[in-house]
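Colleague: Given chain A's structure and the hints, the job is docking chain B onto it.
There are 2 protein chains.
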Amino acid sequence: MKTAIIGAGLIGSGWAIVFARAGFEVALYDGVAGAAERAVALIAQRLHDLEEHRLIADRAAILARIRVAASLAEAVEKAGYIQENVFETVETKRAIFRELDAVVGADTLIGSSSSGIPASAFTGHVACRSRCLVAHPANPPYLIPIVELVPAPWTLPETVKRVRALMTDAGQEPIELTREIQGFVLNRLQSGLLAEAWQLVAEGIASVADIDRTVSAGLGLRWSFMGPFETIDLNAPGGVADYAQRFGGLYREIRQSRGTAGDWNAELIAQVEAERRKALPAEALGARAVWRDRRLMGLAREKHRAEREEG
Amino acid sequence: MKTAIIGAGLIGSGWAIVFARAGFEVALYDGVAGAAERAVALIAQRLHDLEEHRLIADRAAILARIRVAASLAEAVEKAGYIQENVFETVETKRAIFRELDAVVGADTLIGSSSSGIPASAFTGHVACRSRCLVAHPANPPYLIPIVELVPAPWTLPETVKRVRALMTDAGQEPIELTREIQGFVLNRLQSGLLAEAWQLVAEGIASVADIDRTVSAGLGLRWSFMGPFETIDLNAPGGVADYAQRFGGLYREIRQSRGTAGDWNAELIAQVEAERRKALPAEALGARAVWRDRRLMGLAREKHRAEREEG
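Chains as they are written, first to last, in our numbering: chain A, 1 to 311; chain B, 1 to 311.
The following block holds chain A by itself, in its conformation from the complex (with noise of 0.2 Å):
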């Protein structure tokens, strides 16, 4: 398949290597003359580094599959699918759009790399507007999988689909949104966690270096490899609704300090416990502790090796 990537800058260069690695066409373009060439130089570079961590086999092949197109018309032509990276305001986003929809062929998909800006704020004008659809990566996607697919309200759900299946097959990992929310599910998620660290601070509970450390030696470890809720569902026997069973008591109360005590009710407890009991039935609990266990040990052994290589 094609892809197309307009503009050029450090996103848009990460998405280059995300599909070129993934054996897609891509055409690279960008509004300033020049800069979609600078790109394929920071890209073969970017590439040389992937390949001295035996993170990719063949740079040569890779490279070989972008080029640099001299329009926008000939970037998006016979693409099937388009990533936008312009500079991230309402106007940009809405101008290249509108260009886009000039050009683009009849069934092919745009994902704008918008980190903040829904996509309902820039293409609600455009012909093409079912098939748009804002997939924000996180920097530098070809080392960071996450890729959150956030629909406008007039986005079909077979774009949404469509483009998930293609995300996969570039190996990257999607996760769907069912509409539009500020900063998305991954900043969000984050603001959570800065909120706690940034009161802690303020409070001279623990230094920032100590609050840094407990993510980076504590936290962080299990979170590389299992979310938030596949987490708690491993730290008790019985699994989620269990955990909250013997620790809601404590969060209810950290949350009640912050003012904000509606999460860790019932009913949410037995959501959470239905779709985890349907990704992990309970008699597998204790084989995925070891599985954990097992990925901790590997992960230990890599920041091990990391440390002694940096000396």
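Since no wrong hints were added, every one of them can be taken at face value.
The list cannot tell twin chains apart, which means a pair is met if one copy fits it or any two copies do.
Straight line, CA to CA, 30 Å or less: simulated BS3-like cross-link-like pairs of lysine-lysine:
no.	residue 1	residue 2
1	278	161
2	303	2
3	78	93
4	161	78
5	93	161
6	2	78
7	303	161
8	2	161
9	2	93
10	278	303
Think of the hints as simulated: they come from the structure by calculation, not from any bench.
Modeller: Below, chain B without anything else, positioned relative to chain A:
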């Protein structure tokens, strides 16, 4: 140095591995007859796993440093440090500290593995209270090195300092709280992220699995080797204050939507920026971002390895 482990359940067994691995002598005591012997069998199995994963070199020597004590007095005799891990109720903790007080050496320090009850609730009545504090581990402590040191009002600063040094010698990563606070730091940070996760589920924004994936394939990758403040410090060219300048508005609006917008204020941002710039000068930000990407590459390689191994 000799250490004593009081209470030989999962956490006590984990501590025995930590201290014996670091070369300390370990006396293991449990009030329930046979429990310490069962713990030694469990420890032997865990050491076997650690050796298989190339995380320890000499299993037999480590195991040889752990012995079962026949009484509390025998366990703590000549111990430089005692780690208490009895059942977590105020009554049980108070009782064991009274027992310890009668036999403990004049210079011995005592850390409690308490995950929620502060030391002030169970050490106020003992003569040795200035040498007592909470030393809260994650589970298992030999794979997740964080230890939260939480002093009671009567804990001497010297006690915290010495336990911090001892934990560092043991290969752990201690952090210090300036005073007691419910949930300490680790669970408070976790509660912040979970609060947002619960709300996203309640609002039907994303599935439990997709919220988990946002962390395990996104936020958690960076957080496994650097904390939340260092993460945002490296996510804007000019560091954390620059990041707050660019994204503080978004975060404030997200927090406002949850009824808590007190964080991200100018004074706090300046304080964290100052602490970060002491830890990492502005001119070193670029080099540290290169370090971050190298660590991400090592982590990606390890994840691929683990997933291949799992088939």
